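Chains as they are written, first to last, in the working numbering: chain A, 1 to 506; chain B, 1001 to 1235.
Be careful, since some hints might not be right.
Claimed, not checked - Derived contacts from chain A toward chain B, CB cut-off under 8 Å, selection only: (1) E83; (2) W89; (3) F132; (4) T136; (5) L138; (6) D246; (7) D378; (8) W380; (9) A451; (10) T462.
Read the hints as simulated data drawn from the structure, not as lab findings. Nothing here was measured: the structure is a model prediction, and the numbers come from that model. Ideal placement from N, C-alpha and C gives every residue a C-beta, glycine not left out.
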Amino acid sequence: MNQTSPSRLIGAAVDWVEARTGAIAFIAPLLTHHVPRNAKWWYVFGSATLMFFTIQIVTGVCLATLYAPSAAEAWESLRYIDEQVPFGWMLRALHGWSSNAMVVMMAIHMLQVFLHASYKFPRELNWVTGVFLLFTVLALAFTGQVMRWDQDAYWGLGIGASIADRIPVFGNQVRGLLLGGPIIGGETLSRFFALHVFVLPGAAIGLVGLHLALIMKNGISEMPKPGETVEPATYRERYEKRMEKDGVPFYPDAAQRDMVFCGACLVLLVVLAAVYGPFGPGGQPDPTLIDTNPRPDYPFLWIFGAVSLLPPASETAVMLVAPLVGVLVLVAVPFLSNAGERAPSRRPGMVLIASLAVMAIAALTWEGKTSPWSPVMDGWSALPTPGHFIDGRTPLQVQGANVFQFAQCRNCHSLDGLGGERGPALDAIATRMTPDQLMRQIQQGDGNMPAFGRNLDSAQMTALVSFLTTLRPDFEAPAMIPGAQLPLPVRSMPGEVTTPVAAGTR
Amino acid sequence: MSVLRVGFIVCAVVMCGASVLSTAACDRLPGRPAVEAVAAEGTAEWTTQVFNTSCRGCHAQGKEGSAVPLMDSEYWRAATDAQVVRAVLEGQGVLMPAFGPAAGGPFTPSQANALASGMRALWGGGLKPSTAISGTVQAGSADRGKSVFETACASCHGSAGSGGSAGSVTDPMYLRLISDQGLWTAVVAGRAALGSPAWNMPMPNRPSGLASAEVADVVAYLSSLRPRSASELKP
Chain A
1 MNQTSPSRLI
11 GAAVDWVEAR
21 TGAIAFIAPL
31 LTHHVPRNAK
41 WWYVFGSATL
51 MFFTIQIVTG
61 VCLATLYAPS
71 AAEAWESLRY
81 IDEQVPFGWM
91 LRALHGWSSN
101 AMVVMMAIHM
111 LQVFLHASYK
121 FPRELNWVTG
131 VFLLFTVLAL
141 AFTGQVMRWD
151 QDAYWGLGIG
161 ASIADRIPVF
171 GNQVRGLLLG
181 GPIIGGETLS
191 RFFALHVFVL
201 PGAAIGLVGL
211 HLALIMKNGI
221 SEMPKPGETV
231 EPATYRERYE
241 KRMEKDGVPF
251 YPDAAQRDMV
261 FCGACLVLLV
271 VLAAVYGPFG
281 PGGQPDPTLI
291 DTNPRPDYPF
301 LWIFGAVSLL
311 PPASETAVML
321 VAPLVGVLVL
331 VAVPFLSNAG
341 ERAPSRRPGM
351 VLIASLAVMA
361 IAALTWEGKT
371 SPWSPVMDGW
381 SALPTPGHFI
391 DGRTPLQVQG
401 ANVFQFAQCR
411 NCHSLDGLGG
421 ERGPALDAIA
431 TRMTPDQLMR
441 QIQQGDGNMP
451 AFGRNLDSAQ
461 MTALVSFLTT
471 LRPDFEAPAM
481 IPGAQLPLPV
491 RSMPGEVTTP
501 VAAGTR
Chain B
1001 MSVLRVGFIV
1011 CAVVMCGASV
1021 LSTAACDRLP
1031 GRPAVEAVAA
1041 EGTAEWTTQV
1051 FNTSCRGCHA
1061 QGKEGSAVPL
1071 MDSEYWRAAT
1081 DAQVVRAVLE
1091 GQGVLMPAFG
1101 PAAGGPFTPS
1111 QANALASGMR
1121 ALWGGGLKPS
1131 TAISGTVQAG
1141 SADRGKSVFE
1151 TACASCHGSA
1161 GSGGSAGSVT
1171 DPMYLRLISD
1181 QGLWTAVVAG
1191 RAALGSPAWN
1201 MPMPNRPSGL
1211 ASAEVADVVA
1221 YLSSLRPRSA
1231 SELKP
C-alpha cells in the first residue's frame, strides 16, 4: 500500500464491495458462459432490442418528470417539452423513434428465431416469454400513442373502445374498464398513464428478466445445419459437449459484435431523432374538429389497413376472433413442433409462412400509411379549379365549376392531382361518362359516393353536369352511349359545332 | 482493470459526443419542431393564410378559379370594402356561402373587415374603388338594356340566347345561378385573363366600352330574363 494510484484505490473499493456482495462472482459466469462459435451476426437482434428497451426506460423516466398526465394539460405540456425545455424535443424524439426501433428489432429477432427454429427443445419457454414480451411492447406502443393526447390518440382510443364494445354481453363493461367511464375523458388518460408508466414497464422488465434467465439456463442455440436434428433425449448432453469443445466465452467474443451492432443502432437512432424529430402532438383532441386525418403509429398501421379493408358483415367476428387466434398460434409454435430439423432449407413451409407474414404486414402497412381514406376537408375552399378547366368555357359552365366547389366535390375528387382521393380523379370524366350518366351518378350517388339529388336544384345540377362534360383532354372524344354513333346532346364548348339537339334548347 | 478502462473510454466518448451536440447543434437540428407561429389578425401573413384556406377555392387569379378572381386588381377597382365584408359575412347570390357568425361560419365581423382591407392591400394594386361607377347594383331599364345588349354584348354572347363565341349569358339556368350583384360585378370588373373586358374597356362595336347607366340597363335586362321559379325552367 505504498502506492496510492487511482487504479489501486478503485481496485480496493471493488474488492471491498465484492467481499460483501459477491456481485462479480454472480456476474462473471454470465459474461463468460460459452456460446457457439458460429453464432455470428445473426444473433445481435435480441441485444439491440434490449438496448432500445433500456433507452425507453431512461428517456421515459425523464419524460415522466416533465409530462402532465391530465386531460386538460397533457397536450400543452408536450408543446412545452418541445419548445421550452432544453433538449426536450430531442428527448421525445428519442423516446418515439426508439419505440418504433424496438418493435422493428423485436420483429426481426422473432423472425430470425422462427427461421432458425431456435424455439425447439429445450427453448420452448424462451419463445413463449418472447411472445408475451411482444404483446407487452405493443401495448406499451399503443398506450404511448395515447400519451400524446392529440387527434390520433383520441380517434385511436375511439376505435379501440368501439372494438371493445363489440364484445358480446360484456362489451359495455369492457369499454368502461378501458376508458374509465362511458366516454373518453380525464380518467381515460390517467388510466392509460398508469398502464404506460407503471403496469406495462413492470411487466416488461419482469419478462425480460425471465427471458434472459431462460437464455442462461438453456444456452444460445447453435446455427442450424441441415441434417443436424434436435432430439430432446440427447440434445442437452450434445450441446454441452459441443460448447466445452468448440464454444467461445460470451464476453468478449460474442459481446463485441453485440456492442458494435448496438452502437450502430444507437447512432442511427440519434440521427433519426435529430433529423425527423418527435412524433406529434397533432391537433387538439377535440371531437368537433372533423378536419382531421387520424392515423395510428407505425406498429399498428397494418392493423388499421386490414380492418379498413374488411367487409362490414365480417367486422365483429374478425376483430374479436383474429387477435385471439393470433396469440394462440404464436404461443403454440414451439409446441406444434419442438424436435427435428432446424435448418430453413429443410423447413420450406415455415419459410413460406414467414415470407407471407412479412409481405402481408408490409403491404398492409403501406396501405394504412398511404390510403386516402379521409376526404380533404378544405378542398372546396382552398383548391381553385385549374385555369385550363375554366378557359374557354361558357358562363354556365363556369357557374358549374362554382357548383363543383360549392357542393364540395373537390373534397373527394381531384383535378390536376389536387383534391381528395376517395373518389376517382375527374380530369377526363367526360371521356368515360355521358351527361345522363353523370346526372344519375350525382343525383343518386353510388358505392361510397353520397347522393346529391336533394342538395342541388335543377339549375345547379345542369350547370355542374355541363361543366363536367368539358372535362376531357383535347382531341379525346366524349363518352357515347354504346352502339350509338352520335354523341348525346352535350352542352358544347363555345365555338364548337354542336348537334342540333343541343343548340338553343336550354 | 482493462474492463474498467474500456468502460471509461466509452463513457468519455459518449459524454464528449453529447456535449458537442448540445453546445453546437441542438437548436439547429432539422428535427426540432418549429414553434407554430399564429399570424396576428390583419397582417399580410394572416390574410394570406385565411384566404388560402377559405377563399381561394373559388376566388383565385388569372384563369384559375371559378368565381371572381380576388388576387387580381380588377375586382378591387369595382368593389368597396363594405361590400366585400357583407359578402363574406352574409354570403351572396346563390353559390357564395355566408362565413359570418350568424351562419355558423368562422369569421367575426372584425375579422371580415381585416380580411377585406388586407386583400385590398395585397392585390388591389394601390388603387381606390372606381368613382366612375358604383360597386353595388343600380336600378336600370330592362327595355333600354335589351338594345344595349344587342349592340354591345351580342357580338360575343349571341343575340336572343343563341350563345356565341363567349357562351350565352341569357341561358335561364345560368341566370338562376347568378344574382344581380353577381351580374353587375361580372360586367363592371370583367375578367381579363379569360378575354372578358371590364365595363369601360373597348368591346366589339363599342370602342369606348359602356356608360355606367348602360351597365345598369343591361343588368336590369338580364335580370328580367331570369325565371322566377323552378317551374319556369324547362331543362
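ask   = What are the numbers of the hints the structure violates, in ascending order?
value = Hints 3, 4, 5, 6, 9 contradicted; others consistent.
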